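Q: Given chain A, put chain B in place with the hints provided.
Residue numbers (this note's numbering), protein chains in the order written: chain A, 317 to 806; chain B, 317 to 806.
Calculated directly from the structure, the hints in this document are not laboratory data. Any given hint could be a false lead.
Straight-line alpha carbon distances no greater than 16 Å define the calculated EDC-like cross-link-like pairs of lysine to aspartate or glutamate that follow [unchecked claim]:
(1) 803/B x 727/A
(2) 451/B x 431/B
(3) 623/A x 736/B
(4) 735/A x 689/B
(5) 799/A x 721/B
(6) 625/A x 721/B
(7) 718/B x 802/A
(8) 803/A x 689/B
(9) 465/B x 637/B
(10) 797/A x 721/B
(11) 805/A x 719/B
(12) 799/A x 727/B
(13) 799/B x 727/A
(14) 797/B x 802/A
(15) 671/A x 719/B
(16) 718/A x 727/B
(17) 623/B x 727/A
Some residues of chain A that are not near chain B, with every Cβ distance over 12 Å (derived) [as the list claims (entries may be wrong)]:
(18) 399
(19) 566
(20) 711
(21) 789
Simulated DEER-style distance windows between Cβ atoms [claimed, not checked]:
(22) 340/A x 753/B: 50 to 60 Å
(23) 341/B x 738/A: 39 to 49 Å
(24) 613/B x 628/A: 26 to 36 Å
(25) 738/A x 342/B: 15 to 25 Å
(26) 626/B x 729/A: 38 to 48 Å
(27) 602/A x 753/B: 43 to 53 Å
(28) 553/B x 729/A: 19 to 29 Å
(29) 607/A x 695/B: 55 to 65 Å
(30) 640/A x 727/B: 28 to 38 Å
(31) 738/A x 553/B: 31 to 41 Å
(32) 729/A x 363/B: 43 to 53 Å
(33) 558/B x 768/A: 55 to 65 Å
All values reported here derive from a predicted model rather than from experimental measurement. Positions of the beta carbon are idealized from the N, C-alpha and C atoms, including for glycine.
There are 2 protein chains.
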Amino acid sequence: MKILKSKILKGGFLNSGNEKEKTNPKILEIKKIVLEKIKPKKNEAEEMKNFLNDLLRVSKIIAVDAEPLIVGSMGRGTWLSGDNDIDLFLLFPKGISREELEEKGLKYGKKITEELSGKYMIKYAEHPYVRAEIKKRNVDIVPCYKIKKGERIISAVDRSPLHLKYVLSKLDPSLRDEVRILKQFFKGIGVYGSDLKNLGISGYACELLVIKYGKFENVIEAISKMKPGTVIDIERYWKSVKKVKEKFKNEVLILIDPVDKNRNTTASLSSENFIKIVSKTKEFLENPSIDFFFKKKKELTNEELKKIKSRGTKFIGILFEKPDIINDILYPQVRKASERLSKLLESHDFRLIRKCEFVNDESNKVYLIFELEFWTAPKIEKKIGPPIFVIKNSNDFLSKYKDAEFGPYVENNCWVIEKERRFDNASSLLKNFLSKDENELIQEGIPSYIAKSIQKEFRIIEHKEFWKTVKNDKELSSFLKEKYFEKIKI
Amino acid sequence: MKILKSKILKGGFLNSGNEKEKTNPKILEIKKIVLEKIKPKKNEAEEMKNFLNDLLRVSKIIAVDAEPLIVGSMGRGTWLSGDNDIDLFLLFPKGISREELEEKGLKYGKKITEELSGKYMIKYAEHPYVRAEIKKRNVDIVPCYKIKKGERIISAVDRSPLHLKYVLSKLDPSLRDEVRILKQFFKGIGVYGSDLKNLGISGYACELLVIKYGKFENVIEAISKMKPGTVIDIERYWKSVKKVKEKFKNEVLILIDPVDKNRNTTASLSSENFIKIVSKTKEFLENPSIDFFFKKKKELTNEELKKIKSRGTKFIGILFEKPDIINDILYPQVRKASERLSKLLESHDFRLIRKCEFVNDESNKVYLIFELEFWTAPKIEKKIGPPIFVIKNSNDFLSKYKDAEFGPYVENNCWVIEKERRFDNASSLLKNFLSKDENELIQEGIPSYIAKSIQKEFRIIEHKEFWKTVKNDKELSSFLKEKYFEKIKI
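Okay, chain A solo, but in the shape it has when bound (with noise of 0.2 Å):
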């Protein structure tokens, strides 16, 4: 295990201090605000604990073949005042058939609900399940297998139990505190969340971080030095690091979850993110603030409007109304549609510098964003056809460009020909390919609810319209300034 932790305490880029100091005071005075903020007072951890006592109570009385359990973060002790997400775990055995899970974990849903008074409404993830508004709260009931730590897991939430287990095993209640301040100092910096919104770290994970380095302060000492590729196995399950690398090849944190040893618990952290986290504890640990915990959106300046605007290039942004759908189809959908405009107009001879997405969740507008270094070309296009010596495929690219504007002529062995370019600017291009109806973007690749969205409505902004629209929008302005002006510290 000397390889493993040596690999984790290894200095990250370009900073190699490696002694160990004692906590500065300002983080302690830190931590204490923050707690102060986000630890449920003893009331409102009350009021839960009753709820929690209610639920499982009826529970039992009503799934009489299963063992409901309150898992998540309510379950591990680790929740933060305002959660009011519960996850309520029906454990049946192993025996039943996949059916069976199914049918009873929604009949006993459905049950529970009616039991207390609430109002239900059937979801889906990788099976049904029953979500619930009781008294005010929601409360997911899932049916799953119960298994034991090793044994293959059969419906995707059955790793949830087990977590728990090995969670209130090994974080000392005293630490408890320290996960929820490092989960906080996650949202402050924008990436808690494993889904495919925030492509960030989950609490359990957070859990974990506390049990392998202790203290908040350890762990953000621990990020700060990480680099890409780090590896952290808590139950020492592999012999080698370089093992591990090859498994979980090109993930920038590999945190091994203690119950699946072929699982990354950080899998899902993306390597912009990861970036982040190294640079946000260092900037924290040298210059500690409130600040990074709950983080104040801050606009533009008209100093760095002036700043972006003097790059030079080009700004076109695609506008349509957020389809109804959950974050973990919305995303991916975005950032795939805007790929393959990217592409689009690459293809076409607009060369990006960058592109990013933005979906703004108050005013239900997804925008997708491209800055080119041109958005007009000349109305003349050059291309560059076969050898000449390969005379089947030089016959074909002269008779399809005979009647091309200049040429064919031979240059570098090749025939070339230069004809008038439809598109000679970015915008036009856009519109034209957005403008066709839904199953021709789907065909063209562009996903379905995105594809559906912008057949009903898009709308292209471009130059001062788009400066315009960007102070109008705070949310807006404040990604934009994040993504520009955020310095990473290394």
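A: Coordinates of chain B only, in the frame set by chain A:
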């Protein structure tokens, strides 16, 4: 030989007419007119004959241990009226040393010139020789080794006497005028001469084509059906076309030298010019005209100027004094310089559509012309760095660009920064580059004579000034007219 023959006769691009027709009477008429203009008149031929006789008589007396011989088109009887360049070769036995050959060659050359009251200078090719001006005629007096067919040549010019011998033995004197007409045709379309300026067809190759195909119109017919990689092997040295093509890979026309099976007589024909001869012969056969032989240079019309400008591209010209060197050195250097500058432009993100070079022999100016898709670039330049997983390279990149204007940030698992671009327009980039001193220019890949000339003075012309220059320089204008508006017949 059936294989070779069928290869040659196979249709060219987009053409498959195989039937032989009788010569178009219009072509016969044109040939007559052309010959009238280019065939030396009786008195011109008489004068030349007398001059050559004098020359040979004196040479025999002076070059006691060598055999004087008139080679080239004068010797082969295919010279054109007005030709004034005479090649007098002195053939020495193979036994003598290179030093002796050179020494005696110069000594005899000088004596011959003096005896005939001429002036001389020493010129250098592979070895030194005498260039004499005798009675207003240019006579190159060149020593060489007398070798037999099949023997390896010792000096570069040893083949010439064998060429003479071959042509005299194979070319029916009645076909000499056909050679003259063919040469004039190639002159007219601008592909006569296998030197490094013209990259076209030599006089000797013209003779071989007439030996192979007969009359002018038959040669034209054969060429019009050629495709790149055509093999002509008059003496049937090679057993397989495949082997020939392997040996002369990427050569567009392979005309095996009857005195050396391993030499392609048309090796220096460029692919551009090959396509031109195929296209022009087609055009001529479809629409015969005297204009092919005596091409009047035509300038760009206002209509064409408008069309060229409507391409929406940007033209930049670099002008400098033509260095006083022979074409075989000048043209490769001009092309290399143009190539180097186009690489410079592209490496700074200014994309080229076309480039061309033009030497105006009247005004002694060289023009390097670049047609750009864009000639300005944004202020900001994106640099994509190494993958974040490669720690060493990442550190290097990050420390190198730690003061970048924007970034670092992570995109597709790689580091990215954006820095201010030093040159945001093409002409300032070129100006900066060309203002280096001579040695720097040479180190940067600009050939020596070009570097020297540029260092003395250069001008960059763009936009209106470029087009003004084109209007004022008729030669340049007709050069561009041909480049942009000549249609290839395929």
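Q: Indicate, hint by hint, whether the structure satisfies it.
A: Hints versus structure:
1. Pair hint residue 803/B plus residue 727/A holds up; C-alpha atoms about 15 Å apart against a cutoff of 16 Å.
2. Restraint check for residue 451/B and residue 431/B: satisfied, since their Cα atoms lie roughly 12 Å apart, inside the 16 Å limit.
3. Among the hinted pairs, residue 623/A with residue 736/B is consistent with the structure: their alpha-carbon atoms are about 12 Å apart, no more than 16 Å.
4. With a C-alpha separation of about 14 Å, the suggested pairing of residue 735/A with residue 689/B holds against the 16 Å cut-off.
5. Straight-line distance between C-alpha atoms of residue 799/A and residue 721/B comes to about 13 Å, which keeps the hinted pair within the 16 Å bound.
6. As the CA atoms of residue 625/A and residue 721/B are separated by approximately 13 Å, the hinted pair is consistent with the 16 Å bound.
7. Taken as a hint, the residue 718/B and residue 802/A pair is honoured in the structure, with Cα atoms around 14 Å apart against an allowance of 16 Å.
8. Only pairs whose Cα atoms come within 16 Å are accepted, and residue 803/A paired with residue 689/B is rejected, the gap being roughly 34 Å.
9. Pair hint residue 465/B plus residue 637/B does not hold up; C-alpha atoms about 45 Å apart against a cutoff of 16 Å.
10. For the given pair, residue 797/A sits about 14 Å from residue 721/B by alpha-carbon distance, which is consistent with the 16 Å threshold.
11. Distance hint between residue 805/A and residue 719/B is fulfilled; the C-alpha atoms sit about 12 Å from each other, no more than 16 Å.
12. Distance restraint check for residue 799/A and residue 727/B: the Cα-Cα separation of roughly 12 Å lies within the 16 Å cut-off, and the hinted pair is therefore satisfied.
13. Restraint check: the Cα-Cα separation between residue 799/B and residue 727/A comes to about 12 Å, which is no more than 16 Å; the hinted pair holds.
14. About 54 Å separates the Cα atoms of residue 797/B and residue 802/A, which puts this hinted pair outside 16 Å; it is violated.
15. Proximity of residue 671/A to residue 719/B is assessed by CA-CA distance (about 23 Å); at most 16 Å being required, the pair is judged violated.
16. Restraint check: the Cα-Cα separation between residue 718/A and residue 727/B comes to about 42 Å, which exceeds 16 Å; the hinted pair is violated.
17. The hinted pair formed by residue 623/B and residue 727/A fails the criterion: a straight-line CA distance of about 22 Å is larger than 16 Å.
18. A cut-off of 12 Å between C-beta atoms confirms that residue 399/A is not in contact with chain B; the least separation is 31 Å.
19. Once the 12 Å rule is applied to beta carbons, residue 566/A is inconsistent with being away from chain B; the minimum gap is 7 Å.
20. At the 12 Å boundary, the C-beta of residue 711/A falls inside the reach of chain B, the nearest C-beta of that chain being 6 Å off.
21. Every Cβ of chain B is farther than 12 Å from the Cβ of residue 789/A; the closest lies at roughly 22 Å, confirming the non-interface assignment.
22. Distance hint for residue 340/A and residue 753/B: a CB-CB separation of about 58 Å, consistent with the stated range 50 to 60 Å.
23. For the pair residue 341/B and residue 738/A, the beta carbons lie near 48 Å from each other, so the given range of 39 to 49 Å is met.
24. Under the hint 26 to 36 Å, the C-beta atoms of residue 613/B and residue 628/A, about 43 Å apart, miss the expected range.
25. For residue 738/A and residue 342/B, the Cβ-Cβ distance of about 43 Å falls outside the hinted range of 15 to 25 Å, so the restraint is violated.
26. Checked against the hint of 38 to 48 Å, the C-beta distance between residue 626/B and residue 729/A comes to roughly 29 Å, which is inconsistent with it.
27. Our hint of 43 to 53 Å for residue 602/A and residue 753/B holds, since their Cβ atoms are close to 48 Å apart.
28. In this structure, residue 553/B and residue 729/A meet the distance hint of 19 to 29 Å, their C-beta atoms being roughly 26 Å apart.
29. Between residue 607/A and residue 695/B the C-beta distance comes to about 32 Å, which lies outside the given range of 55 to 65 Å.
30. The beta-carbon spacing between residue 640/A and residue 727/B, approximately 30 Å, falls within the hinted interval of 28 to 38 Å.
31. As the Cβ distance of residue 738/A to residue 553/B is approximately 53 Å, the hint placing it in 31 to 41 Å is violated.
32. The hinted range of 43 to 53 Å is satisfied by residue 729/A and residue 363/B, whose Cβ atoms lie roughly 46 Å apart.
33. For residue 558/B and residue 768/A, the hinted distance range of 55 to 65 Å is satisfied, since their beta carbons lie about 59 Å from each other.
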